[in-house]
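Got chain L sorted already, so can you dock chain C onto it with the hints?
Chains as they are written, first to last, in the working numbering: chain L, 1 to 333; chain C, 1001 to 1246.
If you're looking for bench data, these hints aren't it; they were derived computationally from the structure. Even glycine gets a Cβ: it sits at the ideal position worked out from N, Cα and C. Where hints are given, some of them may not hold.
One-sided and incomplete, this derived list gives chain C residues near chain L with beta-carbon spacing under 8 Å [unchecked claim]: (1) 1071; (2) 1076; (3) 1084; (4) 1088; (5) 1091; (6) 1092; (7) 1093; (8) 1101; (9) 1104; (10) 1115; (11) 1163.
Calculated pairs, EDC-like style, for lysine to aspartate or glutamate (alpha carbon to alpha carbon, straight line, at most 16 Å) [to be verified]: (12) C/1166 to C/1027; (13) C/1047 to C/1086; (14) C/1187 to C/1214; (15) C/1047 to C/1057; (16) L/23 to C/1118; (17) C/1091 to L/212; (18) L/23 to C/1123; (19) C/1107 to C/1086; (20) C/1107 to C/1123; (21) C/1107 to C/1118; (22) C/1007 to C/1056; (23) C/1119 to L/21.
Here's the letter readout for the chains.
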Amino acid sequence: MAAEQTLAQGDSWRRLQFFFDTKLHLRLESLIVLAALCLALSFLSPYFLSVSNFLNILLATTTIGILAVAATLILSSAGLDLSIGSVMALSGVVGAYFCVVLEWPWFMAIIGALGTGALAGAINGQIITRTQIPAFIVTLGMLGIARGLSFIIAPNGGAIYGLPPAVIYLGQGRPFGIPTPVIILAAAAIAAHYVLAYSRFGRHTLAMGDSDNAARATGIPVERLRRKLYTTSGALAGLAGLVFMARVNAGDPVAGINYELAAITAAIIGGTSLFGGKGSILGAMVGALIMGVLQNGLNLIGVQSYFQQVAIGAVLILAVWIDQLQSAKERKA
Amino acid sequence: MSLLQVKGVTKSFGAIKVLSGVDLIIEAGTVTGLVGDNGAGKSTLMKTITGIYAVDEGEILLSGEVINGLSPGARRQKGIEMIYQDLALAKQQDVAANIFLGREPVKRAFGILPGYVDKAKMDTEAQKMIDRLGARIPSIHRPVGMFSGGQQQTVAIARALTFNPKLVIMDEPTAALAVREVESVLKLIRQLRDEGIAVVLISHRLNDVFEVTDRIVVLRQGRIEADLPTQKTQMREVVSYIVGAH
Chain L
1 MAAEQTLAQG DSWRRLQFFF DTKLHLRLES LIVLAALCLA LSFLSPYFLS VSNFLNILLA
61 TTTIGILAVA ATLILSSAGL DLSIGSVMAL SGVVGAYFCV VLEWPWFMAI IGALGTGALA
121 GAINGQIITR TQIPAFIVTL GMLGIARGLS FIIAPNGGAI YGLPPAVIYL GQGRPFGIPT
181 PVIILAAAAI AAHYVLAYSR FGRHTLAMGD SDNAARATGI PVERLRRKLY TTSGALAGLA
241 GLVFMARVNA GDPVAGINYE LAAITAAIIG GTSLFGGKGS ILGAMVGALI MGVLQNGLNL
301 IGVQSYFQQV AIGAVLILAV WIDQLQSAKE RKA
Chain C
1001 MSLLQVKGVT KSFGAIKVLS GVDLIIEAGT VTGLVGDNGA GKSTLMKTIT GIYAVDEGEI
1061 LLSGEVINGL SPGARRQKGI EMIYQDLALA KQQDVAANIF LGREPVKRAF GILPGYVDKA
1121 KMDTEAQKMI DRLGARIPSI HRPVGMFSGG QQQTVAIARA LTFNPKLVIM DEPTAALAVR
1181 EVESVLKLIR QLRDEGIAVV LISHRLNDVF EVTDRIVVLR QGRIEADLPT QKTQMREVVS
1241 YIVGAH
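Chain L with its partners taken away, still in its complex shape (with noise of 0.2 Å):
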């Protein structure tokens, strides 16, 4: 209802688009879609508008949250990360056996976990700017290669469970009442928001995302600025992976599969382009959200399960036609 008296006044409504545009970096009508979408779902089941149903969401949110940040900063820079869900499951299952199966002290499961996304993304990067073969291909080489790692390092090819309390706390601890992978989630997007807004490394990422030429010709060292991005990801999908593995207290070679397709999904949602050049982290956090709270809500008022990718499907056609309505008519004005 607040939209619908903001439309009514079309000048202020444009302002305020154009403050959320350039000083927030984010799309208002993505938050307005997952507002009404909230408003929606409150009527419709009892349980929806809770605090605790509220840290629900945000925490199954959390995983695919965390790679949307990789896929929005790789998306941003026209390029692309298959891997990151195979890498982040490879990422818990050393975690795993470092501090379970070798017995190492806890925090060896945190650099393990963080070191080995950062290690495939690093690989990544390098095949990517010193050969001539596509992300596309690369990333797609990384996924399964990662995935067959996972299941190669865990004994047996199962989940590698008991991990020291510790970890367990950054999947399972509540500070301040908070979820810790929530607290994770919400320190990783600010910081790569920050970056990917208000940083040259992000104005030289989407100009670059734009085009390469002009990033060339400016003299941004565009090879050096890719291998860095594809380590980044790499590191968040590790960080995604300590999550996960905690939260269940497992490495599992199980996990996180498809979850790049979900991740980029978040993030096309929230306003970013596939092809580059556009890019919003806090956008792509508002389409997690949209995805979380479909899921969530669909199951609270029992609609099955395969109904639920057919509307998160039909979410993101239905947001990539508006993005390109909307730029059409900016191109008349």
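Only chain C this time, still in chain L's reference frame:
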């Protein structure tokens, strides 16, 4: 000392030799026209000067200092700017972002926090530069991809002039422009020369070249074919050098 010296530069792409031993000297405060047929090596030669391409052999000196090993970014910092034929603009970014691309001013809150790009300063400076060029641009907050060809050209020129360049290379700056816009680019070139900046103008439009240059260099099949003072030559002579009929 000459501003720029190119000594015996060669450059091949695979089996194709694009530059075979080019020597060229550019003085400050002069306008040099660089002409030649398609594929003569004009753009390649300029890109070895800006650092986009590394030379195979030879040396490039700026104010007597060898700059072969420097990156394009480092060469820009030393005052070599180029306006590319395709403009090399990031079309989805706004005017200020394009003008300051690669050189964004950074500010730090409390002097310790990680630096953020000073967008307010960029916007003010970008507007100043656009005004100085006497250009009309609807809004500097719009993505440059929404502008006309001439307006985009203005943004590319503004980017090259914002950081006090010593040498400005223009690759076909008038090719996509209307007559009135061409006039203002030529006026700008004269203005730059009077400020002591060296300009290299690559153009197929010999009328423009004759109108604004001090000297015309003809490149043919990767070699300097002729180096003529503009006052003492004629269109017919230049054309005959270009086609190799001299």
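Which hint numbers does the structure go against, in order from smallest to largest?
11 and 19
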